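Trainee: Each chain, letter by letter, is given below.
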Amino acid sequence: MCGIVGLFLKDPGLEPDLGRLTARMLGTMCDRGPDSAGFAIYTCGRDGVVKLTLRAPAGVAAADLAGRLSRSIPGSSVTVHDSHAVLSVPEVEEAAVGEWLAREAPDIHVIGRGSRMELYKEVGRPDTVAARFGLPAMAGTHAIGHTRMATESAVTVDGAHPFSTGPDMCLVHNGSLSNHNGVRRQLEHEGATFETENDSEVAAGYLTWRMGQGLSLGEALEASLQDLDGFYTFVVGTESGFGVLRDPIACKPAVMAETDDYVAFGSEYRALAGLPGIGSARLWEPEPATVYFWER
Amino acid sequence: MPDIDLSVTPLRDLNAALHRLSPNTNERHWTVANPEGRHAVAVGLDAPVTVEVNGPVGYYCAGMNKQATVVVHGHAGVGVAENMMSGLVHVTGDVSQAAGATGRGGLLRVDGNASARCGISMKGIDIVVRGSIGHMSAFMAQAGNLVVFGDAGDALGDSIYEARLFVRGSVKSLGADCIEKPMRDEHKQALADILKRAGLEGDADLGEFRRYGSARQLYNFHVDMAGAY
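As given, the protein sequences belong to chains A and B, one line each in that order. Heads up, the first sequence is in this note's numbering, so the first residue is 1 and it goes up one at a time. Heads up, the second sequence is in this note's numbering, so the first residue is 1 and it goes up one at a time.
Since the hints were derived computationally from the structure, they do not count as laboratory data. Hints may contain errors.
Here are the simulated DSSO-like cross-link-like pairs (lysine-lysine), alpha carbons at most 30 angstroms apart as the crow flies [what the hints assert, rightly or not]:
id, chain 1, residue 1, chain 2, residue 2
1, A, 252, B, 172
2, B, 123, B, 196
3, B, 172, B, 123
4, B, 123, B, 66
5, B, 196, B, 172
6, A, 252, B, 123
Counterexamples of contact, computed for chain A against chain B with all Cβ distances above 12 angstroms [to be verified]:
id, residue
7, 108
8, 193
9, 215
10, 293
Distance ranges between label pairs, derived from CB positions [what the hints assert, rightly or not]:
id, chain 1, residue 1, chain 2, residue 2, range
11, A, 258, B, 31, 21 to 31 angstroms
12, A, 296, B, 28, 48 to 58 angstroms
13, A, 47, B, 3, 55 to 65 angstroms
14, A, 132, B, 215, 56 to 66 angstroms
15, B, 192, A, 131, 57 to 67 angstroms
16, B, 199, A, 258, 23 to 33 angstroms
17, B, 33, A, 258, 22 to 32 angstroms
18, A, 289, B, 31, 36 to 46 angstroms
19, B, 181, A, 258, 34 to 44 angstroms
20, B, 85, A, 260, 38 to 48 angstroms
21, A, 274, B, 202, 36 to 46 angstroms
22, A, 282, B, 199, 21 to 31 angstroms
23, A, 132, B, 202, 52 to 62 angstroms
In this text the structure is predicted, and so the values were computed from the model without any measurement. For each residue, glycine too, the CB sits at the ideal point set by N, CA and C.
Kindly generate the complete structure, drawing on both the sequences and the hints.
Mentor: Structure below.
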């Protein structure tokens, strides 16, 4: 099953409400995925500063660790959200962060990296997870989220979406890929590294690889129609864009809404029902094998 | 005239109240507000009543319907009017996949588009879509009529039995064992009857529709046809 949501704002006036609206969308998708949840949110950024989202394992206090880390890295700052910490560091200091983590806290995962993207995921009911991280109070330009119903692997945070495999790029997936092992091998050959055995991480890695070749998000999604097999609905975020793709059979549900103020995606209409102006929004079901994307 | 607000009344209470209606009930016209995409709104009705739903509904709205008229002012999710037995279901917006699936009777009218697998395994229902329909529609359709004012997607009528398909626009491709058939006067008359029942008499030029149905080559497995599967 699983549920996915996405919200891409066109009206800057709604940016303070992005977290609140996204949290509500995630909450309505609890029925589709009560086991774990995650979201990526694109917030403000500064030139020359990179944001690293760090996830601490159970039993490790993210606040203590992030504090030690930021004191060790000149010019850095940190915000802690439950088990996650977002570290903002000058780009020139990023390598030092990696060294510090490898030395001092090798069990910390860097789950997201970019100029604006922050990424959070945990085991638990999606509404609880969103509240733990304080999503309703977050502001930003766009966000994507996922609620997981584990059917084929354990309920762990490693299996939770979104997956990020490149700067400011992340993906949520509803479905199941059938050729992910072959694609993973091919991408590893190209130099990509993967943290999990998860098929969705391969999809994210594939898009990152394609965009690394100079393709736009839309072109990378177009290419995935040829190279990824299985059933899928993807929602993808980049620093400036938001894309949607369904497989040619359209196995997994999807509904979209667009107004002058936003573009929204939900696995079901229920996820969209609380958005402002939804009554007069253009609503449609994305066509199979058709790439949709928006850029700011 | 009961008015139910689903932001106040639990959906189960609405459906239970509709299920309790006797054939000679005086409560013949119901309105439902704020469905907000909820699933299984007005399912399993078996009384000659009208239920008007104001807003978009989720999955399986008006499934298993008997006798009743269900009107959705908005869009409907997956499986609207699935396994309908009789009555009328009318959606003013678009419908998602598998609209009218396995329906045995009654009429489903969709004023917008229907996505994939519209009328899959239909067994006697009549479906009228004023927009277009998605791929694999009327898959294994057994009986009934599917009328489409717009276009049909890939593999229309794959492995079809005896349902009749009338499409005014283009057909992207026909599925296995589905062929175009001549549109004779008897078929135009049948089409006119369906449109009349749908309240769409004179809404479309009957001469613009083309008829599709079964070539009847796949009823029994024949090794020469293996490539068609």
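Trainee: Determine for every hint whether it applies to the structure shown.
Mentor: So, going through the hints one by one against the coordinates:
1. Between the alpha carbons of residue 252(A) and residue 172(B) the distance comes to roughly 22 angstroms, so the proposed pair stays at or under 30 angstroms and holds.
2. Taking the CA atoms of residue 123(B) and residue 196(B), the gap is near 21 angstroms; set against the 30 angstroms cutoff, the hint holds.
3. For the hint pairing residue 172(B) with residue 123(B), the CA-to-CA distance comes to about 24 angstroms; that is within 30 angstroms, so the pair holds.
4. About 15 angstroms separates the Cα atoms of residue 123(B) and residue 66(B), which keeps this hinted pair within 30 angstroms; it holds.
5. As the CA atoms of residue 196(B) and residue 172(B) are separated by approximately 28 angstroms, the hinted pair is consistent with the 30 angstroms bound.
6. Our distance criterion of 30 angstroms between C-alpha atoms is met by residue 252(A) and residue 123(B), whose separation comes to about 25 angstroms.
7. Distance to chain B confirms residue 108(A) as a non-interface residue, since its nearest Cβ pair spans about 40 angstroms, more than 12 angstroms.
8. Every CB of chain B lies more than 12 angstroms from the CB of residue 193(A), the least distance being 37 angstroms, so the non-interface label holds.
9. With a least CB separation of 27 angstroms from chain B, residue 215(A) remains clear of the 12 angstroms interface cut-off, as annotated.
10. No beta-carbon of chain B comes within 12 angstroms of the beta-carbon of residue 293(A); the shortest separation is about 20 angstroms.
11. The beta-carbon spacing between residue 258(A) and residue 31(B), approximately 29 angstroms, falls within the hinted interval of 21 to 31 angstroms.
12. In this structure the hint that residue 296(A) and residue 28(B) lie 48 to 58 angstroms apart at CB holds, the actual value being about 52 angstroms.
13. Between residue 47(A) and residue 3(B) the C-beta distance comes to about 57 angstroms, which sits within the given range of 55 to 65 angstroms.
14. With their beta carbons about 59 angstroms apart, residue 132(A) and residue 215(B) fall inside the hinted range of 56 to 66 angstroms.
15. Restraint check, residue 192(B) to residue 131(A): a C-beta distance of roughly 58 angstroms satisfies the suggested window 57 to 67 angstroms.
16. Taken as a hint, the range 23 to 33 angstroms holds for the pair residue 199(B) and residue 258(A), whose Cβ atoms sit roughly 31 angstroms apart.
17. The beta-carbon spacing between residue 33(B) and residue 258(A), approximately 25 angstroms, falls within the hinted interval of 22 to 32 angstroms.
18. In this structure, residue 289(A) and residue 31(B) meet the distance hint of 36 to 46 angstroms, their C-beta atoms being roughly 39 angstroms apart.
19. Restraint check, residue 181(B) to residue 258(A): a C-beta distance of roughly 40 angstroms satisfies the suggested window 34 to 44 angstroms.
20. The given range of 38 to 48 angstroms is respected by residue 85(B) and residue 260(A), whose C-beta atoms sit roughly 44 angstroms from each other.
21. Range check, residue 274(A) to residue 202(B): Cβ separation about 41 angstroms, and the 36 to 46 angstroms hint holds.
22. At roughly 26 angstroms, the beta carbons of residue 282(A) and residue 199(B) sit within the given window of 21 to 31 angstroms.
23. Roughly 60 angstroms separates the CB atoms of residue 132(A) and residue 202(B), a value that falls within the hinted 52 to 62 angstroms.
Of the numbered hints given earlier, the model fails none.
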